[in-house]
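K.L.:
Chains as they are written, first to last, in the numbering used here: chain A, 1 to 452; chain B, 453 to 932.
FYI, nobody ran anything at the bench for these hints, they're computed from the structure.
A quick note: this is a predicted structure, and the numbers were derived from the prediction, not measured.
Please note that the accuracy of each hint is not assured.
[To be verified] Derived lysine-lysine pairs resembling PhoX-like cross-links, with alpha carbons at most 20 Å apart:
id, chain 1, residue 1, chain 2, residue 2
1, B, Lys622, A, Lys21
2, A, Lys156, A, Lys210
3, A, Lys38, B, Lys622
4, A, Lys23, A, Lys375
5, B, Lys711, B, Lys622
6, A, Lys2, B, Lys622
7, A, Lys38, B, Lys624
8, B, Lys632, A, Lys2
9, A, Lys34, B, Lys832
10, B, Lys711, A, Lys23
11, A, Lys23, B, Lys632
12, B, Lys575, B, Lys489
13, A, Lys255, A, Lys230
14, A, Lys132, A, Lys156
15, B, Lys624, B, Lys832
16, A, Lys21, A, Lys10
17, B, Lys624, A, Lys23
18, A, Lys21, B, Lys626
19, B, Lys832, A, Lys38
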Amino acid sequence: MKIIIVGQGKVGRSIAIALAKEKHDIIVVEQNAKVLSKMRDTLDVMTLLGNGTSADTLIEAGVESADLCIAVTSSDEANLLCCLIAKKLGATNTIARVRNPQYAKDLYLYRNELGLSMHINPELEAAREISKILRFPSAIHMESFCAGKVDIVEGKVEERSPLVGCALKDLRKRFRSNILVCAVDRNGEVAIPAGDFVLQANDRIHIIGKLADVEHFIENVGTLPRPVQKVMIVGGGKISYYLGMDLSKTRMQVKIIEMNEERCKELALALPKVMVLEGDGTDSDILDEEGFKEMDAFVALTGIDEENIILALNALQANVKKVITKVNHIRENSTLYTLGIDTYISPKDVTANKIVSYVRAMQNSFGSNVEAMSKIVSGKVEALEFVVKRNMPFINIPLMHLKFKNNLLIGCIVRNGEIIYPKGNDVILTDDHIIVVTTQEGLQDVTDIFAK
Amino acid sequence: MSRNQILKVLSSVLMVTTITLIFPLVVGLLYAEKEAKVFLAIIVSLMIISYIFSLFKDTDAKHSTKSGFLVVGLSWLLITIIGALPFYFSGAIPNFFDCIFESASGFTTTGASILNEIDSLPKSILFWRAETHFIGGLGILVFMVALIPLADQRNIYMLKAEMPGPSVGKLKPKLRDNMKISVITYVVLSITMLICLLCCRLSLFDAITTTMATAGTGGFMIYNESVAYYHSVGVDVVCTIFMILFGVNFNFYFFLYLKQWKQIISEEVRWYFVVIFGAIALIIWNSWHMFNGFWDALHHVSFTVASTISTTGFVITNYELWPAFSRNIILLLMFCGACGGSTGGGIKVSRLILMFKQMTRDISRMLNPRSVHVVTMDGKAVEEDVTRDVYSFMMVYVVLLVVGTLLVSLDGTTFETSLTAVITCINNVGPGFGMVGPICNFSGFSNFAKMVLSLIMLLGRLEIFPMLLLFSPALYKFGK
Chain A
1 MKIIIVGQGK VGRSIAIALA KEKHDIIVVE QNAKVLSKMR DTLDVMTLLG NGTSADTLIE
61 AGVESADLCI AVTSSDEANL LCCLIAKKLG ATNTIARVRN PQYAKDLYLY RNELGLSMHI
121 NPELEAAREI SKILRFPSAI HMESFCAGKV DIVEGKVEER SPLVGCALKD LRKRFRSNIL
181 VCAVDRNGEV AIPAGDFVLQ ANDRIHIIGK LADVEHFIEN VGTLPRPVQK VMIVGGGKIS
241 YYLGMDLSKT RMQVKIIEMN EERCKELALA LPKVMVLEGD GTDSDILDEE GFKEMDAFVA
301 LTGIDEENII LALNALQANV KKVITKVNHI RENSTLYTLG IDTYISPKDV TANKIVSYVR
361 AMQNSFGSNV EAMSKIVSGK VEALEFVVKR NMPFINIPLM HLKFKNNLLI GCIVRNGEII
421 YPKGNDVILT DDHIIVVTTQ EGLQDVTDIF AK
Chain B
453 MSRNQILKVL SSVLMVTTIT LIFPLVVGLL YAEKEAKVFL AIIVSLMIIS YIFSLFKDTD
513 AKHSTKSGFL VVGLSWLLIT IIGALPFYFS GAIPNFFDCI FESASGFTTT GASILNEIDS
573 LPKSILFWRA ETHFIGGLGI LVFMVALIPL ADQRNIYMLK AEMPGPSVGK LKPKLRDNMK
633 ISVITYVVLS ITMLICLLCC RLSLFDAITT TMATAGTGGF MIYNESVAYY HSVGVDVVCT
693 IFMILFGVNF NFYFFLYLKQ WKQIISEEVR WYFVVIFGAI ALIIWNSWHM FNGFWDALHH
753 VSFTVASTIS TTGFVITNYE LWPAFSRNII LLLMFCGACG GSTGGGIKVS RLILMFKQMT
813 RDISRMLNPR SVHVVTMDGK AVEEDVTRDV YSFMMVYVVL LVVGTLLVSL DGTTFETSLT
873 AVITCINNVG PGFGMVGPIC NFSGFSNFAK MVLSLIMLLG RLEIFPMLLL FSPALYKFGK
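Can you build the whole structure from these sequences, using the hints too?
P.N.:
If you want it as structure tokens, here you go:
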């Protein structure tokens, strides 16, 4: 597909990297020549120097034949304008980054009247991700498939957990639960495990199943912490605002610490249920005073990565159960894991993932049939949802007779809303949704999962 | 950068080059020459070697700028050596240094030869000489990227080093598609030329070898007298036109195909034609008395100008007999060279334009220190980095000329001979002046001078830096 990306900030770059990997024809438009020359040297994309909100530049980028135009400059207005022009000039689909919550309310207008296909708000996405984690604290990370019927939940095997030394094929019997471990990250090495794989302490496992089943399993294993009731958030930026909004709907008690007085007032006005505190969140006296140690969860959302990491380390030291860190600049990085910071959120990666899955879904309408895609295990593993269409050659053949690609596993089959954890004699039927977990990148079609 | 990865690319280069050796093998078989056996033996043994190389495990390491340069430099050294093998083992050229020179001259599309007797060589060897031009014109890695999908998409570094011109622009988002466009343009132009030559009643073998030599802007012919052998105005005209066409930036043809008339006549192409017509007019005016009338003058002068500016090096007339002014213009054309993004050599028209613009800017800055000028090309601002690269290129270029001339003059040749030999080699033209003039060749040099000149040809073809960096200790110091 031909994709134009306007604006090459953090998010733009992440998107370009992710989409270039998927072998799309990418044209990036940016006003800063230095940024462009770096792009040109490191990625197989075409670069164009110019203002993405001017029709001339977009025409030069070939917008009339573009399948998608993504506007991710720093300005909401420019993004909307760019998408508007691109649509008028003939781009099939447009995506704009819109951060300002005030515009977000008017987006239904843009969608219908201006033909905007999708808008994305990195801060909102990040806040949603954090809120999901807080509601389900035993997970490090989770992803939903099949309209929420199936989830992939990432968890860590604790030192004293009964899981240590347990082979995967015995899990279901031993803990009487219906789940499947679909990927294991052991010190940065990722495995798509077979039945005889034996778990060790500190493995990060990815469990696929119905959320209730997964909860049941974790309960049986006996490492479920009590639900989060008290949350402390340091930093009162946009993510904090969205997160506060989201958490206000739950029974959690939320404290936000923010330095800027004006911002505190804004937040207090917008979030009546949240306790907003004015003060320096990096000051340990203030943290102690506000009951830092009694918190169930701690979220570091300041604008500086280093500060967030130090704050998270402090919280871990104080034995806070769930610590979430926001990082902006640091790329996928195992150093954070070794420090114990296993839950971190990077808004740009969350955004890039969303856009990549949108692009895949778009491709779906012209031939490929990936319904949804998520990257798990720090982007090293892909979980893909396929719909099986009629007349596929593998239909009704027991799985044990099919030859799959290496490092690939069918996580589950969803048939008429029922979840099947596949065994050797199960079969795939027409209209089944199957979820495939693999380290192979760029699968486009359900037939791609078989070895050639 | 990992050693295995470099070996992997080199093994692909070896493989592709070996495959190209099949064509002279076929020619040898068709003419029932004993050299066919030599080609067969070389192909089989190289295949085995490249298979062994390909067994190395590929690693995940990515190509960096450094490994890109290294791979290009090493690839060209490798193909030069492979190219020399048929000459040596067939006994066509007994001295191995001569073989290397001939091969380097072929792949770099210089067309300078050490052979005194070309007519008597076997057809398969003549075919191989011409084919080296065809491969070298576009560059071995361009062919490779267009033909074989490489695992790593970050090959831009390698191609940057191989593609001539100050900067590599993209016409399509994907590198591979760009390379395909280049290869298709190249092949279509070549086939057109082949048909034109066949219409001029050349035999198929002659037409193919002449086409390949012109396409790469090389200059190897299969007769001692070069193109003059045919005594055919038709052949001369076809060669003149296609030499000029192969020297045009290939983007020109892409825009022509897309019918984007606005973008076609870029500043570079415009100046390229201005220089050509200007040079023809000046030479005709200056050496009018040498020719019988206007058409004779136009015929000889335009051929020689086209042959020189496109850095082909075909000869139909001995330009050394022309007056000094005309000869100097020819010498200047050697420096000028063709457009960037073509198969021609030399400094490149676009570089000269940029340098000239930068120079006028700097001069006007001295007069008005506060004035701000931006160097533009085709109405777009040129990044400072590019103009700086042009300056450093020119600097190193001059240093190489000086050092090269000094080393070659150890042979005791005249100043004119040693200087123009280096000039003609670094610009990939072919003939120079004096002992290396249009009716002479390079056989008179010592082995040492031949090696120096071979290296200079490679430096010139790869626009100096990829080759020069092979000799830089910093390349080997970190991150082996």
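K.L.:
State for each hint whether it applies.
P.N.:
Hint check results:
1. Taken as a hint, the Lys622 of chain B and Lys21 of chain A pair is honoured in the structure, with Cα atoms around 18 Å apart against an allowance of 20 Å.
2. For the suggested pair Lys156 of chain A and Lys210 of chain A, the alpha carbons sit about 19 Å apart, so the restraint of at most 20 Å is met.
3. For the suggested pair Lys38 of chain A and Lys622 of chain B, the alpha carbons sit about 15 Å apart, so the restraint of at most 20 Å is met.
4. Taking the CA atoms of Lys23 of chain A and Lys375 of chain A, the gap is about 17 Å. The hint holds against a cut of 20 Å.
5. Pair hint Lys711 of chain B plus Lys622 of chain B holds up; C-alpha atoms about 18 Å apart against a cutoff of 20 Å.
6. Taking the CA atoms of Lys2 of chain A and Lys622 of chain B, the gap is about 15 Å. The hint holds against a cut of 20 Å.
7. A distance of roughly 18 Å separates the Cα atoms of Lys38 of chain A and Lys624 of chain B; the hinted pair therefore holds under the 20 Å criterion.
8. For the hint pairing Lys632 of chain B with Lys2 of chain A, the CA-to-CA distance comes to about 18 Å; that is within 20 Å, so the pair holds.
9. Simply put, Lys34 of chain A and Lys832 of chain B have alpha-carbon atoms about 15 Å apart, close enough for the 20 Å limit, and the pair holds.
10. The suggested pairing of Lys711 of chain B with Lys23 of chain A is violated, with an alpha-carbon distance near 27 Å, which exceeds 20 Å.
11. Of the pairs offered as hints, the one joining Lys23 of chain A and Lys632 of chain B holds, with about 16 Å between alpha carbons and a cut-off of 20 Å not exceeded.
12. About 14 Å separates the Cα atoms of Lys575 of chain B and Lys489 of chain B, which keeps this hinted pair within 20 Å; it holds.
13. Among the hinted pairs, Lys255 of chain A with Lys230 of chain A is consistent with the structure: their alpha-carbon atoms are about 8 Å apart, no more than 20 Å.
14. Restraint check for Lys132 of chain A and Lys156 of chain A: the C-alpha separation of about 17 Å stays at or below 20 Å, so the hint holds.
15. Between the alpha carbons of Lys624 of chain B and Lys832 of chain B the distance comes to roughly 19 Å, so the proposed pair stays at or under 20 Å and holds.
16. Pair hint Lys21 of chain A plus Lys10 of chain A holds up; C-alpha atoms about 17 Å apart against a cutoff of 20 Å.
17. For a cut-off of 20 Å, the pair hint linking Lys624 of chain B to Lys23 of chain A stands: about 13 Å separates their Cα positions.
18. Distance restraint check for Lys21 of chain A and Lys626 of chain B: the Cα-Cα separation of roughly 12 Å lies within the 20 Å cut-off, and the hinted pair is therefore satisfied.
19. Taken as a hint, the Lys832 of chain B and Lys38 of chain A pair is honoured in the structure, with Cα atoms around 19 Å apart against an allowance of 20 Å.
Checked against the numbered hints listed earlier, the structure breaks hint 10 alone; every other hint is satisfied.
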